[in-house]
Amino acid sequence: MIRGTSILTAIVLYSSSAQLAPAAPGVPNLTEAAGRYTITGSSDIRFQVDQVGGGGIKGSFRRFSGNFNLKAGDLSNAVVNFELEPQSVSTGQARVDTFLRSSAVFDTENYDSITFRSNRVEQTGPDSAHITGTLTAKGHSAAESFDVRLTSWNGRMIGFTVSGRILRSHYAMDVGTPIYSNVVEFDMLVEGQRN
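In terms of mature numbering (1 follows the signal peptide of the UniProt record, and there is no 0), the sequence shown is residues -20 to -1, 1 to 175.
Be careful, since some hints might not be right.
[What the hints assert, rightly or not] Simulated DEER-style distance windows between Cβ atoms:
hint, residue 1, residue 2, range
1, Asn99, Asp167, 34 to 42 Å
2, Val32, Arg174, 43 to 51 Å
3, Thr71, Ser22, 15 to 23 Å
4, Thr131, Arg42, 28 to 36 Å
5, Thr114, Thr18, 16 to 24 Å
6, Asn134, Ala84, 41 to 49 Å
7, Gly33, Asn99, 19 to 27 Å
8, Gly105, Ala152, 15 to 23 Å
9, Glu89, Thr114, 33 to 41 Å
10, Gly21, Ala74, 38 to 46 Å
11, Thr78, Asp154, 14 to 22 Å
12, Thr71, Leu169, 16 to 24 Å
13, Arg42, Ser121, 38 to 46 Å
Derived by calculation from the structure, the hints in this document are not laboratory data.
Note that CB positions come from ideal geometry on N, CA and C, so glycine has one too.
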């Protein structure tokens, strides 16, 4: 399922936009944004799986970590690493949480992490970008992509929204389809701190 790839994307989009258009107030240029960042615990990693007839499952992950490195003037060497602990899934319903941790879904007894490693960042607008990479969950890996929009920047902390859609079937987690959608939708608020 996912994680925080897009810190780099947000920085990249603003860094490169500084070369393409006049910078808006508070927007870093490439030199300002370059460096290593760590995803902070104040980030909010949320997901949703729809159900036929309404309802569905909504939840979040409480434990995650990640970092990215943006090298000034060379976006081809930018790297994003994100890892979350599926054991930390929380839907507000103990029965659902137990099921999600079971072998039918995350199989947390055998797989203690879900990882994302970026391989490409593409600017899509003055404050937006598209990031692609490899997501690995439950022993399966697939190419995934996320859209990012920069929402805040103060020179040390950066914030952005991240959205994406992942197919559960790519990771042997498609139990319950078609009653429950095969699509997991992510809507995240991610914050990073410059190291």
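Cβ distance range 14 to 22 Å for Thr78 and Asp154, holds or violated: holds (19 Å)
Cβ distance range 19 to 27 Å for Gly33 and Asn99, holds or violated: The hinted range 19 to 27 Å is violated for Gly33 and Asn99, with Cβ atoms some 38 Å apart.
C-beta pair Glu89, Thr114: status relative to the range 33 to 41 Å that was hinted: Once the Cβ atoms are compared, 24 Å apart, the range 33 to 41 Å for Thr114 and Glu89 is violated.
Outcome for the supplied range 16 to 24 Å, where the beta carbon pair is Thr114 and Thr18: holds (21 Å)
Range hint compliance [Cβ, Asn134 to Ala84, 41 to 49 Å]: For Asn134 and Ala84 the Cβ distance comes to about 43 Å; the hint holds.
Cβ distance range 38 to 46 Å for Arg42 and Ser121, holds or violated: Distance hint for Arg42, Ser121 is violated at roughly 24 Å.
CB-CB spacing for Arg42 and Thr131 relative to the 28 to 36 Å hint: Violated, since Thr131 and Arg42 (Cβ atoms, about 22 Å apart) do not stay within the stated range.
Asn99 versus Asp167 beta-carbon gap, inside 34 to 42 Å or not: Once the Cβ atoms are compared, 23 Å apart, the range 34 to 42 Å for Asp167 and Asn99 is violated.
Distance restraint hint 15 to 23 Å, applied to the beta-carbon atoms of Thr71 and Ser22: The hint (15 to 23 Å, Cβ to Cβ) holds, given that Thr71 and Ser22 are roughly 21 Å apart.
Satisfaction of the hinted span 38 to 46 Å by the C-beta atoms belonging to Gly21 and Ala74: violated (23 Å)
Supplied distance hint 43 to 51 Å, evaluated on CB atoms of Val32 and Arg174: Given range 43 to 51 Å: holds, Cβ gap about 45 Å.
CB-CB spacing for Ala152 and Gly105 relative to the 15 to 23 Å hint: Given a distance of about 36 Å, which is not inside 15 to 23 Å, the answer is violated.
Hints 1, 4, 7, 8, 9, 10, 13 from the list above are not met by this structure, while the remaining hints are.
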